[in-house]
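Spelled out from the first residue to the last, the chains are:
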Amino acid sequence: MQRALFLGCALALVFGCSRDETPAPTAEKTNPQATEEKPAGPGSLVVYVGRNLSLVKPLLEKFEAETGIEVKTRDGKSAELAALLVEEGDKTTADVFWAQDVDSLALVASKGLFAEVPASVKVETTKLFTGRSPHWIPLSGRARVLAYSPKQITAEDLPKSILDLTDPKYAGKVGWAPSNASFQTFVTALRAAKGEEAAEAWLRGVKANGAKTYAKNTPIIKALGAEEIALGLPNHYYLLREKAANADYPVEQAFFADGDIGNLINVSGAGITKGAANRKNAEALLTWLGGEAAQQYFADETYEYPVRADVKGNPRLVPLADLPRIAPALDLDQLGDREGTLALLQKVGLL
Amino acid sequence: MIDPLRRARTAALYLPALAVLAAVAIPLAFVILRAADADPADARAWLWRPRTAELLLNTLALGLTVVAASIAIAFPLAWLVTRSDLRWPRAVTLCAILPLAIPGYVMAYALRSLGGPLGAGQALLGVTLPRIDGFIGAALALTLYNFPYFFLTFRAAFDRLDPAQAEAARALGAGPGRILLAVHLPRFVPAALAGALVVGLYVLGDFGVVSLMRFDTLSLALYTSWSRMEQGALLALILIGLTLLLLAAEALVALRRGPVAAAGLGEARRPRPIPLGRLEAPVWLALAALISLCVVVPVGTTLHWMLAGAAHFDLGDLTAAAADSLSAALPATALTVALAVPVAWLARRRTWPARIVERAAQLGYAIPSLALALGFVVFALRTVPSIRDTLALLWIAYAAHFMMLAMGPLRGTLPLLSTRHEEAARSLGCGPLGVLRRVTLPALRGAIVAGAALTLLAILKELPLAKLLAPLGSRSLAVSAWAFADEALFADAAPYALTLLAISSCSAALVLRAGREAA
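If you read the protein sequences in the order shown, they are chains A and B. Residue 1139 is where the first sequence ends in my numbering, and the numbering goes up by one at each step. Residue 640 is where the second sequence ends in my numbering, and the numbering goes up by one at each step.
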């Protein structure tokens, strides 16, 4: 009796926690809720927000006000939410996943959890942001930059390429964040552009050159202000936020030479889940976020790059029109292999 | 003749134990199943590298240092507020518990921002202090908000100490120092072990503080392994194995020592406070230094964030976040404590099922919270999908994760109680539930209150479970504050962090007061 009870419990646990082994249906699941035209109002929408919710909440509220669609959110780090989506599989209640980086979107897409974005949603992006992925659309751009402390290094002495950071001239002066997702996306780009060996050699070289490891972008900006390091590798908007609070903050930033891999442009983007119960509303949100009003918000309020050219850029930023010259020639779709990057970072002992 | 009603009542005591087993088994099964997906060769290559040994050594060194430093702070502090004639013991107690409410990253940012040319030292004193980081920085930050775990358990144990023994020792000519070492100290081993397990496991899992302090531990590997779920699960399994070893070692120590209860229950008389005399001034100096570091510095830093920047402050959002925090934390704490008490009490019977349940209850704390959250999500979706987006799932997950905190003070105090009074009550015709209610619980009240306070404060500032399991649209104070700070929007984070601190200190004060009135 006791044994049978024990066995039963064990089976229940194994069943409850196992992965859904039924292969994902090739045809998209038609959810009864989605096909049923409900006359009772515009309905709702569930969005997993891998970006800072507080930054994008005004946007979602505006969307709610304009369309009458109620938006429910769950927010967290993009990688966490991607892991959550993978575990929830086709049982997720999420209709849209809005992620901060390509890696998380690629992970969800690779598990077959995104539906294709219909042609009606395709946003008028500039060529820079055009990827081939049919499963998600880019919504804003974020550049990798070289931040520096002018008290310790003059603009003329800055390295022309991120590959120069292995130079003994910069020994002990560089700060980076190997556990940070944006840095990892850069490493993925480096691997794609220069090959595995060159990427490994660069990582080992910069590490051997005494680069200091930080948790993420913000501590790098703080460490530059505190003159703990002279050079740092963050995303472009963190310093702008710091300067918005304190205009005299003694840190500056620059791009490397035109086309350098260190000037990588990463994107945030969104896709619609395969089993989305509110597909129509999800499509409406993606279209709206790619529209002029939302794109103008990114430029004005979050210091990001809009993905379309017809939006007035933020005067604090290098103009969007200059980015194609500055950014490395790279396809967004080459940025999805986080697994390989993590393996490399583990191999060289940075993780 | 056995009264069937009485038998049913006894069985009822096992129900919470079964619930606890199930709650821990769910995420455990998830971790094991995911780890089984790992490719053995791949896993060996990943784990078997010099870097793993380096990270492991770093972790052990940090864990041991934080535990030792925390005990060194907490023990004298607990003695001061329970045994000496220190003035304002309640205020000191509250100040010594408050650091528990401070999120690790706030502590780390605060300590880091003391030094450097733009630091608080320069701004307030005109002295450029060095910027703290590395091993020292990580150990300091972790100690400054983890020592209260030991403080609370020690305090509960001091409260239950039999003053007759100390008085006998004094009558025999022993001074206060000798009494502390020979009479009191041995009775704190269970409390110290319980605290060491909690703090040790916390250090093992902490990524926020160590990464900001630029000190790499195993949590770095854990943090970056979740996009390959099988790697993360494998690492989680190793951590769980380590915890099992620790728990076994702890059980061995406890067995060797045997029961330590002497007079046991019924010693409600407070001993006469020991006068501090000439030591009073240095003691206050040390207290002031400690409280400035662990309370004033982080709270001051948060206030500075708020005043220095322009926050877009929304009172509606803040109130909603506070409501979300409380609606998650209060019922979850009640549930955790309600399950912890019968489990800890049953464990005293030293039967093997009772012991298994006790260990299992503690294991929940060793499961990395992201794995725990995902385990519950997957289980809920496959069995009772409608529970997925409810607070109930979050409460259950919190109970599974934080049971160890609620049990710590209980496990520190229970071995000090003699079973004789309970036996006497039984022989006088009192049923097991009656014994629990009328004899055991009143004696445990201090420990229950301490456990509740620890659990509540931990849940209020918890992040991963709150992010992944809370109902859609719900967003606690801790999550809101963290989300802003993570994006360098410190001014916006400050109101949430300060409200979190205010709510935490109010609830800590209320809980302490409840404990005092009951005692």
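Think of the hints as simulated: they come from the structure by calculation, not from any bench. Any given hint might turn out to be false.
To be verified - Derived CB-CB ranges, DEER-like:
| id | chain 1 | residue 1 | chain 2 | residue 2 | range |
| --- | --- | --- | --- | --- | --- |
| 1 | A | Asn1034 | B | Leu168 | 42 to 48 angstroms |
| 2 | B | Leu406 | A | Ala1131 | 51 to 57 angstroms |
| 3 | B | Leu246 | A | Ala1131 | 43 to 49 angstroms |
| 4 | B | Gly255 | A | Lys1068 | 51 to 57 angstroms |
| 5 | B | Ala129 | A | Lys1068 | 19 to 25 angstroms |
| 6 | A | Asp1121 | B | Ala372 | 20 to 26 angstroms |
The model shown is predicted, which means the values in this text are computed figures rather than measured ones. Even glycine gets a Cβ: it sits at the ideal position worked out from N, Cα and C.
Checklist entry - Honestly, which of those hints from before does the structure not fit? => result Hints 5, 6 not satisfied by this model.
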